[in-house]
Amino acid sequence: MTELLQRPPKKDPQKRTVLPTTPPSARSRKAIAFSTAAAEGRLALQTCAECDHVIYPARELCPKCWSMDLQWQDIPDGGELIAETTLRTSVNTYFRERMPWRIGTVRLDAGPMVLAHIHGDVGEYERVRMIARTDKSGQGVLMALPEKETANMADDKQLRTLTCDPKHRRVLVTDGRTQLGQCTVNALAKAGASKIFVGIAREWRPYDGSAELAAVSGVELMPLDITDTISVNELAAEIGGKTDILINTAEHVRPGSAMQRHGILTARDEMETNYFGLMRLIQAFGPGMRGRGADGDNSACAWVNLLSVYALSNWSVFGTTTASQAAAYSLSQCLRGEFAGSGVKVVNVLFGPLEDSWRQPLPPPKVTPKRLADAIVHALRQGIENVTLGPVAEDIVRRFRDDPFVLERELMQAPGGQAV
Amino acid sequence: MGQGNSKRAGYEGVVVAVPVSVPYERFSPESAHWWLAKALADLGKRSGLAVDDIDGLCVSSFTLFPDTAAGITQHFGLTPRWLDHVPTGGASGVVTLRRAARAVQSGDANIVACIAGDTNHVDSFRAMLTTFSRFSQDASYPYGSGGPNGSFSLITSHHMKTYGTQREDFGKICVAQRANALKYPDALMKSPLTLEQYMDARLIADPIVLFDCVMPCAGAEAYLVMREGDAKGQNLPFANILSTIERHNAFPDDPVQIRGGWAMDKDEFWSMAGVKPEQVDMLQTYDDYPVISVMQMEDLGFCEKGAASEFIQANTLTYDGTFPHNTSGGQLSVGQAGAAGGFLGLVEAIRQLTGEAGDNAVKDARIAAVSGFGIINFDRGLCTGAVLLESGQQ
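Listed in order, the protein sequences are those of chains A and B.
In this text, residue positions in the first sequence follow the working numbering: the first is 1, and each later residue adds one.
In this text, residue positions in the second sequence follow the working numbering: the first is 1001, and each later residue adds one.
Everything labelled a hint here was simulated from the structure, so no lab data went into it.
Model, not experiment: these values are computed from the prediction.
Quick reminder that beta carbons are idealized off the backbone N, C-alpha and C, glycines included.
Each hint should be verified, as a subset may be incorrect.
[Stated by the list, open to error] Here are the simulated lysine-lysine pairs, DSS-like style, with alpha carbons at most 27 Å apart:
#1 148(A) <-> 1183(B)
#2 64(A) <-> 1183(B)
#3 195(A) <-> 64(A)
[Claimed, not checked] What follows is a list of derived Cβ distance ranges for each label pair:
#4 192(A) <-> 1034(B): 58 to 64 Å
#5 10(A) <-> 1191(B): 44 to 50 Å
#6 68(A) <-> 1248(B): 40 to 46 Å
#7 1195(B) <-> 82(A): 40 to 46 Å
#8 1027(B) <-> 82(A): 46 to 52 Å
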């Protein structure tokens, strides 16, 4: 049983903030594919297309049959711990600061032997359930969990380095006026967030759900308009040093393509929120979060961007909105690079059409705001960085993986109101 | 295809001589080049050979970057007609001997200088672990960065669980080696060690304790491979090569390393030499951790597999004991000077067989077994080798 994580004490302002260090981040090109799957929460290893041998560590050819046709495939997550140790020294500063540290050899049901981090509740030589996640360096690692759920399992010290659990953390939700923002707040409160700062633009204007929102435990409504640099900077000055998770729920969505617009006013509004808004948040909150990546049990740990899946490839029905979201997606990649080494994860949720007023005429299947909110919290608790949500998003991502240039042409053929 | 091994030629007429150990230092500001240079200069002085007499060179080093053996020829003023750079780490002593002996035997070279050395700057060890191998970079270093301590703690606990080997057995090896080191002037460890101290020592990576771990340091080792006639002509005492084996990536499907390549080739090892394990006067194992010494005792046939515990408890392992083992103190007590660690046991055996050992001399030593083990590429050591030497003294 894992010891229950207590709410962290108030920070001592006389003490220097512990600076982030990271586990080793160097990987071969082949191993980066493992990290890519781990970022999605998938356990994928190379599998030989000719002899089915599952291969680890990542190689250039199958050591059994010398085929070079090695495919990354999801493998069964079962395994057995066959040797273990508790490290008490390390040459790496990150681990040295976190000793003792449990590792072991696991025989995967899929075949290979792997070295893995071991959850504290795994007993000697027991069967385990394996997960692949990105660690504080941003690279994928393996961890062995108890086969069955144990008490307070998520509070395990080693597991928490892979996750961004909102429990006891302080979260900023940038737009609380929408159903999406409010569902996100509710999901966070349920997950044990200690404080939920909720950005409200133009507070004097009434909005649905305002009374219920204010009543959620831990919620603090804050004036925030991400199209206004002064507003963003003022909020960052107030809460930037205690924002552990930032979830950008603000978006500006309008149907229409470039030629359907007269001038650039709507497109500029889209860019003001979706792209420049994100940039303002990054400039105001990014440096503080980057510096607090190792600041105790409520360290800064995640930045969540919600993006239309059409950020990957333009869909002319929402042509200019998706152009601004493509810009936001690109900026999100930039942010991920800037957060490297800080231990703060950038979580990108690519979602299909949302069930809301601006996407009302679109046919199903659509994603409800609650489903998106739950997916955000799930990703945080699991430490997953890349989420694809809803059948439409899954379909687009699948086509994108196959061939982004074919997808581009497929989307050109998609009739108005019909996603692919 | 390839049923069994082809019968290998012996090494008649090829000898090893001039054991050189450059005294180790915990940290050195010098580069690996300095340590190799010192070893080569000492070889020249001790053998009376001139620069032009050396027409073969074999180098082993981890920290020589950006150079290799090729650049070393110009740096050291050699014009060899045979050159090799051996990357097998702890197996490099045996492996260089095998390469060089065949070169001399075939006439590709007359006299081969085998040199191994590494420096140890304050941050060298961490830097080496970071970039040691692709598999360790991808699949072991990110898991706690314990380095070899982590890998060998798993191997050690697995051996203990499988065969009932006890911490006392590992302790006895470490304690005996420390006793040997106290008689070897160049050992870095100078204070006596008791079994009680070993048993109470600080845990490093369960079940490995402080005294199971070698201390990284700077140092170099060297020896010459030449024809017997040339050694006699120079009045150099020498040892004959009775047999050798080498194997890489043996038993890749063993879940955790429980044996090494020696187990694949031990029959040939003894039959080629026409010697039995009981006739061996000393064993020099590669001792980066005592569990690996235990594995070498088992896999080379000094005891049955899994019976090392009884074997160790039934013997005394000091230079004057019933089973002299790592007579200079091994890496555990002398220090681990990178690739020179792979030469340490071999050079010590040559010293013993040529009558050049000091207070730690094994009495009437005729035959020595030397074993190597190296390159923890991912979860286990890949390179293994062994050699049987016989004193050339009449």
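*Would you say the C-beta atoms of residue 192(A) and residue 1034(B) sit inside 58 to 64 Å of each other?*
holds, 59 Å
*Between residue 10(A) and residue 1191(B), does the beta-carbon spacing fit 44 to 50 Å?*
Hint holds: Cβ distance 49 Å, inside 44 to 50 Å.
*residue 1027(B) versus residue 82(A) beta-carbon gap, inside 46 to 52 Å or not*: At 38 Å between Cβs, range violated.
*For the pair residue 1195(B) and residue 82(A), does the Cβ-Cβ distance stay inside 40 to 46 Å?*
Given range 40 to 46 Å: violated, Cβ gap about 30 Å.
_Proposed proximity, residue 1183(B) with residue 148(A) (alpha carbon, max 27 Å)_ = Violated: residue 148(A) and residue 1183(B) sit about 56 Å apart, past 27 Å.
*Given the hint that residue 195(A) pairs with residue 64(A), test it: the Cα-Cα distance must not exceed 27 Å.*
Roughly 54 Å between the alpha carbons, so the hint for residue 195(A) and residue 64(A) is violated.
*Straight-line Cα separation of residue 64(A) and residue 1183(B) no greater than 27 Å?*
violated, 49 Å
_Within 40 to 46 Å: is that where the Cβ-Cβ distance between residue 68(A) and residue 1248(B) falls?_
Once the Cβ atoms are compared, 22 Å apart, the range 40 to 46 Å for residue 1248(B) and residue 68(A) is violated.
In the structure shown, a violation is registered for the earlier hints numbered 1, 2, 3, 6, 7, 8, in ascending order.
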